[in-house]
Each structure stands twice: as C-alpha cells, then as structure tokens.
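Undergrad: The working numbering numbers the first residue of the sequence shown as 30 and each following residue consecutively.
Worth flagging that the hints you see were computed from the coordinates, not collected in a lab.
Take the hints with a grain of salt, since some may be wrong.
In silico SDA-like links for lysine to any residue, alpha-carbon gap of 25 Å or less [what the hints assert, rightly or not]:
hint : residue 1 : residue 2
1    : K91       : Y181
2    : K92       : A77
3    : K91       : K32
4    : K91       : S55
5    : K139      : F165
6    : K50       : L89
None of the values given here were measured: they were computed from a predicted structure.
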Amino acid sequence: MSKITIGNKAPDFTAKDENGKDISLSDFVGKKVVLFFYPKDNTPGCTAESCNLGENYELLRKKGFEVIGVSADSQKRHRNFIEKYDLPYRLVADEDKKVINAYGVWGPKKFMGLEYEGIKRTTFIINENGIIDRIFDKVETKNHTQQILSTY
C-alpha cells in the first residue's frame, strides 16, 4: 500500500460502529470529515482527544465537519467509552484493522524505550469530494479541535 498524502482520494471503507451498524466514508460525500485514528479507548491521550472533539462537536458541525473515530477496540468497548464520556459521534470498531491498514496508520511505535506495533495517532481531514485535505500526525490531544480549525 502506498502512503496516503494530501491530495489523494481517501480510501473508502465500510465497517461496524459501536452499535454494530455499518458506517461508510461514502455516506459523508458532500461533507468535510474529521477521520481520527487513536490507539485505545479510555487511555489518557485518547480520552483527552476524544473529549476535546466531543466538547467541540457542534462547533465542528457548524463549520461543515462530521467526526468519525477509529481504533481497534471492540463495539462493546466503544459503546462504553461513548457512554462514559457522552461522545456525540460514531466510533469505528476496526478489530481486523482493515480501515487502519488502508490509511497506513499501523506500524512501529516506541514508548518508554520499548518498541511495539500499534496505531499511530493520526487525523485525516477529508473534503466534500473525498480528497485528503490535511493530515495531522502530531495531534495535540487536549486542543485538537483548535488545531484542526486553525487550518480552515
């Protein structure tokens, strides 16, 4: 798979959300999409990022954005995460990592000197025509909404 860059067509996908319902990127044609990949529900950085986007969800919608989160967590973990933090957007349960791999965000990581494979926290902004407009690979978890909106 080639690396996704700005100007590429965003890979379409169909996967299950937290309720087992299909969600496809093509459902959002005509809207800008914040597609954010994060390592794991209920961890400090992922919670900060998810809550920041949730707290600013209406602002993002007013600016024409839809928000979709993706991790390899199960539907049940996603439902619990959404309920615990009252998140207003859908989360893709990508346990088989098809979406994660399609976007090239799985790979080697380091934490406290240990190397392992995991999801690289990355956000793709997809325009109304399904083209990658922006890529954030240095996500400011506590200020991600402002990070996104500062480029629009």
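Undergrad: Of the hints given before, which are not true for this structure?
TA: 3
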